[in-house]
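Residue numbers (the working numbering), protein chains in the order written: chain A, 1 to 301; chain B, 1 to 323; chain C, 1 to 435.
Please keep in mind that the hints were generated in silico from the structure rather than gathered at the bench. We put the CB at the ideal spot given by N, CA and C, even for glycine. Watch out, some of these pointers could steer you wrong.
[Claimed, not checked] As a list, the in silico BS3-like pairs of lysine-lysine whose alpha-carbon atoms are at most 25 Å apart: (1) 278(C) x 266(C); (2) 265(A) x 241(A); (3) 306(C) x 135(B); (4) 160(A) x 132(A); (5) 221(B) x 48(C); (6) 417(C) x 9(C); (7) 267(B) x 241(A); (8) 218(A) x 274(B); (9) 347(C) x 274(C); (10) 311(B) x 111(A); (11) 58(A) x 108(B); (12) 135(B) x 304(C); (13) 344(C) x 91(C); (14) 311(B) x 307(C).
[To be verified] To give an idea of the chain B side of the interface with chain C (calculated C-beta under 8 Å), a few residues: (15) 129; (16) 182; (17) 186.
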Amino acid sequence: MFKENIKLRLTATFLICFLFFLQLNAQRWDVPADKKSKNSYIKFDGNTAKEGEAIFTKNCKSCHGDLGKSNGIKTMNPAPPDLSQALTQELTDGELFYILNTGRNAMPSFKNTLSEEERWKAISFIRSFNNKYVQVLSKTDPTKSKLVKINCVFDSLSNKLKLNIIANEKTGVIPLKDAEVSLFVTRYFGKLQIEKTIRTNADGIAIFNFPKDLPGDKTGNVDVAIKVSDELYGEIESVNKFNIGIPTDKLGLTQNRAIWNILKKAPWWIIITYTSIVLTVGAFLLYIIFSLLKIRKLGEN
Amino acid sequence: MSEKEENPKNKSRREFIQQVGIVGVGSVLAGSAILAGINYDKKKSTGARIKVLTAENELLEIDRNDATKVGKSKAENLTALQKEGREGIPGKRWVMVVDLSKCKNARKCMSACQGAHQLRPEQHHINVLKMQESKNTPPFYMAKPCQHCDNPPCVAVCPVDATFKRPDGIVLIDNERCIGCRFCIAACPYSARVFNWAEPLLAEEDKDKTYNVELNVPQRKGTVSKCLFSADRLREGKMPYCVSACPNGVYYFGDENEDAVTNGTTKETVRFSKLLEENAGYRLMPELGTKTRVYYLPAKNRTAPFQDKDKLEAEEHLDINNS
Amino acid sequence: MLDQSKFDKITSDLLKPIRINHSFMVWMGFLGVSLIVCLYAYSVQLDKGMVVTGLRDYVSWGMYISNFVFFVATSLIGMLISAVLGLSGEKWASPLARIAEIIALAFAAVAGLVIISDMGRPERLINVFLYGRIQSPILWDVTVVTFYVLISALFLYVPLIPDLKICYDKMNQLPAYKRNIYKVLSLNWIGSPEQIKIIKQSTRILAILIIPVALAIHTVTSWLFASTTRVGWDSSIFGPYFVTGAFVSGSAAVIIAMFFYRNNFKLQDYITEKHFDKMGKLLVLVSLIYLYFTLNEYMVPGYKMKKFDAMHIHALFTGTHALLFWSVQIFGLVLPIVLLLFKKMRKPLPMLVVALFVICGAWLKRYIIVIPTQEHPFLPIQNVPMNFKIYTPSLTESLISLAPIILVLIIITILSKVVPIIPVHETIEHLEETK
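Let the sequences and hints guide you as you build the complete structure.
The following block contains the structure:
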C-alpha cells in the first residue's frame, strides 16, 4: 500500500516536471516584425479594460481561466497560459494583437469574430493586470479616415482589380503608401477574402487578381468590400457593387420531374401507369356491377 | 379512388377556404368599424395617451381607448409559415461541410440542436458517432445531421407530401400533415430521422404556439422529426444552431450557388470548391445515389486524439468477420 | 337426371350449418371478449402514443408491419384456388373455392385495419386521399388493396347468387327479415339461361381480373421494403419471393379452415380426404417454389458477403436471430415439405398439425424479414438507450397485433354462418354433369 503510494507520487512528480518542461518549451509565437510594432489607436483606461473583461469572459475564459488565478485548462497541450503572467505580459501589444488575429492549434482566430476595437479592448483588459505597463499609442488619427478615397479599376482582360488609394489632404492629394489592403466579396454568412492582404506601393496602388470563376448574382454583380488599414489614417472600409462575377441564376432543385418530387411533378411514366391501371380495373368493376343489375332486371319478367 | 383527381379539387378548395378567410376577415373588420362608430360617443377619453408607430413610420400619439390591437390570427400565421416553409429561400442551395479532423466529440452541436428543436435526450437531429471503417483503419468522430439529399429516398416514399424537398435543397417535415407511417424512417439510409413516440417534452407549454415548419416546433406526438438545417435561422441570415455552437471549428455552412461556406466557429468564409479540393472532401455513401448536401473532410491530422474509452463503441459496428 | 332425394340431401347437408347454435355463441363470445381486451390495448396506444410499443427510432417497423405483410400474404390464396385452379379446369378445387374466397376477403379487409394500428396519427388517414402522392408505394398499396377487397367481395358474391336463392327458398324456419335479406341479395334469381350466362361471364371476368390484382397487392407490399436501400430489403426478387411465400401461408390457412369446417359442419362427404390429399400436394408445390426463392434470397448475398450484407446474414445465420431463423426454415418450410411427401401424412389430422406449423412459420418469417434489417442500419446506432438497439415487442403491442387475427376469425365465422361454405348450386351442377 505504502509502496504503491510512493510510486504514485513519483509518477505524479515526474509528470508535473514533464508538463513544466513542455510548457517552457512551448513554441514561441513567431510574429513578423511589422506586426510586432503595431499599436492600439484606443487609449487603454478603466473603461476599456472593463469592456474588455466582458469580451474576455465570453471568448477566452473557457480555456485561459480567470486572470491571476492560473485556473485554465491544464490538460491541453500546450496548456493555455494565465495571461496575467510574465510570459504574456512580456509580449508587445502588436504581438498580442497578432496572436488574437491568427490563432494557433487549439486557439482559434478572432479576426472574424471580434472587431478590431473589441480585440484591442480585450488586450486592454489583459494589460490591466500589469502595473508596469505603459501604453504606446499608435500614430493613427481616426478622424483622418474620412479623407481617404479608393479608386477601383477592373481590367476584364487580365481579371485584375487595380486599387488606387489616396488621401485628399488640404495640401493636396497624397497616395497612401505601404497601407495594408484586403479585398473581400460579400457572401450570405460572411466576407470571403480574395487573395492575401497586400500593401500599397509608393503610388498608393494595390493590384488584386480577381478569380475568374467566382459566382455573382443573376447579372454577375458582386459586392466587393475593400478594407484599408493605414498607420496614419486608420481603418477605412468601402463596399461597392462590381459586375465582375459569373452570372449565376440556378433554378431551384425541385424543377424537374422526379419520383421524390410533389404530385404535380411526378414522372410521366408513373402518372400514366397508375392512372391507366386504376381506370382499367375500375371499368371492369363497373361492368360487373352493371351485369348484376341486369340479372336483377331479367328476373323481374 | 384516383388521387390524381383528388388533388386539383382539393387545391381549389384550399384556395376557396383562403378566399373565405379573407372575406371573413374583411367583414369582421367592417363590422368592428361600424361597432366602433356606434360606440364612439359612449367612449370616454381616459386621458391615457400612447405612442403608435404607423406603417409609414409616423409616430402618433393617440388615446389608449382608440387603439385596437391588430394581429394575424393563428390560422393565418400557420398558413403563411407553411407557405414560406415550402418555398424556401430563393436562389440558394445550402451546403454543409463537416471537417472531421477538428471534431473532438464536444457535442455542443447536439445539445444546441436538442434545445432549439425541443427534443428528448435520446432524440438526435444531429448525432456525433464514433466511427471505424475497418479493423486497421483509425477510429474517428463523425457528426451526422440529415444529409439533405438531392435524391431523397425519404421524400420519395412519403405518401402525403408531409416531408418534402425545397428548391433551396433543404428537406423539411410538416408535422401538421404527417400521418406517422414512418416509411421515411425505414427508407433513410443515414438513420437521420426520429419519431415522437410519446408526448413531446414541452407539449403542455406549447399547446397554443403556432407551428413553425422551419423549426418543427412545437413537436407533435406521433409524427416524424428531423434535422432542418435550421431553416428558420437561415432566413435570419444566421447559421444553423449546431454550426454556431461548435467550439472546434468543425462546421462550415453556406450556399453552393455562391461557392462559399463560412466556418461556424471562426466565422471565416472560404470557397466551397477550394475547401473540398484542398482537403479531399467526400460525401457519405455516394454509391446509394442520394446526392447529399453534406460534405465531409477526412479526419487527417486530427487536432485531438480519439479517446480510448470510445474505441470499443467505434469497433462495434465493424463486420464481425473482419475483426 | 338425378333423383329428387339426392338433391334434397345435398341441399340440406350444405345448408344445415347456417343456423345459430350454442357452440357458435360460445365461440363468438370468446372472440368478442378477446377483441375488447385488444381494443382496450389500442386505446392505451392512442392515448399514450406509440411509446407503449417496443418500437423505437431505429426499429420503427415491427410486429404491426409484419402482421400486415402476413395478412396480405394469406389473402392471396383466394386468387390461387378460385381463379387459377378454376380457370385451368381443376374441378376438385371448386368445393374449396368459397372457403378460399372467404379467407381472402377477411384477410384483405383486415389488412387495411392492421396498417392503421401502425400509424402514429390514425386520425389523419384522410390525408392519404387529400394529399396522396402516387409516387409512394403506400399509395399503390392503398389502391390495390382496396381493389382487391372489392374484387374479392364480388368474386365471393357473384357465384353465391344462385345459392342465396336456394337459401331463401329452403330456409323457411328463418325470421322474415333474414329471409328478405337473402331475397334482396339473390337479385331475382330464377335460373334462366340469360342469367346463368351473365353469371358465368362475370365470374370469368372476375377470375381473370383477380389474378393481376392479387399479384399486385403482394408485389406492392414487397416494394414497401424493396423500394428502400436497406440491406436485406434491397432485393430485386422481393416481388415473386413474397408472392410465392403468400401461397404457402394461404394454403395452410385453407387447410386449417377445411379441417374445422369439415368436422364442425359435418361436411365429410363434401370435403373429402381426396381434397386434403390434393391440398397437401399443392402445399408441397408452393413450398418448394418458396424454398427456391428463399435459397436465392440468402445464397446470393451470402456468397459475396459484402460489408453490410454480411452483417445482416450473420445476424440471421449465427447471431441474435439465428434460433428464430432456422426454426422458421426447418419447421415452417423444409420439414412440412418432407412430411407431406408421404401419402400417410396427407390425411386431415396430420395435415392440420403441419398446416399450423406452416402458418406460424409464415408469420415468424415476416417478422424475420421486417425486423433484423432495421437493427443493422448503415451507420452505427449510438447515443441512445439499449431498447433502441434491440427490438422487443411489448405486451400492449402484442395484444394490438392479436386483434386483427381475432377480427379475421369473427368475419370467417359469421360468413360461414350466413352462407353455405360449399357452393350448393355448383355441387348439384357438377353431379349432373358427371352423371
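Status of the hints after comparison with the structure:
{"no.": "1", "hint": "278(C) x 266(C)", "verdict": "20 Å, holds"}
{"no.": "2", "hint": "265(A) x 241(A)", "verdict": "38 Å, violated"}
{"no.": "3", "hint": "306(C) x 135(B)", "verdict": "16 Å, holds"}
{"no.": "4", "hint": "160(A) x 132(A)", "verdict": "49 Å, violated"}
{"no.": "5", "hint": "221(B) x 48(C)", "verdict": "9 Å, holds"}
{"no.": "6", "hint": "417(C) x 9(C)", "verdict": "19 Å, holds"}
{"no.": "7", "hint": "267(B) x 241(A)", "verdict": "23 Å, holds"}
{"no.": "8", "hint": "218(A) x 274(B)", "verdict": "22 Å, holds"}
{"no.": "9", "hint": "347(C) x 274(C)", "verdict": "9 Å, holds"}
{"no.": "10", "hint": "311(B) x 111(A)", "verdict": "36 Å, violated"}
{"no.": "11", "hint": "58(A) x 108(B)", "verdict": "16 Å, holds"}
{"no.": "12", "hint": "135(B) x 304(C)", "verdict": "19 Å, holds"}
{"no.": "13", "hint": "344(C) x 91(C)", "verdict": "23 Å, holds"}
{"no.": "14", "hint": "311(B) x 307(C)", "verdict": "20 Å, holds"}
{"no.": "15", "hint": "129", "verdict": "5 Å, holds"}
{"no.": "16", "hint": "182", "verdict": "4 Å, holds"}
{"no.": "17", "hint": "186", "verdict": "6 Å, holds"}
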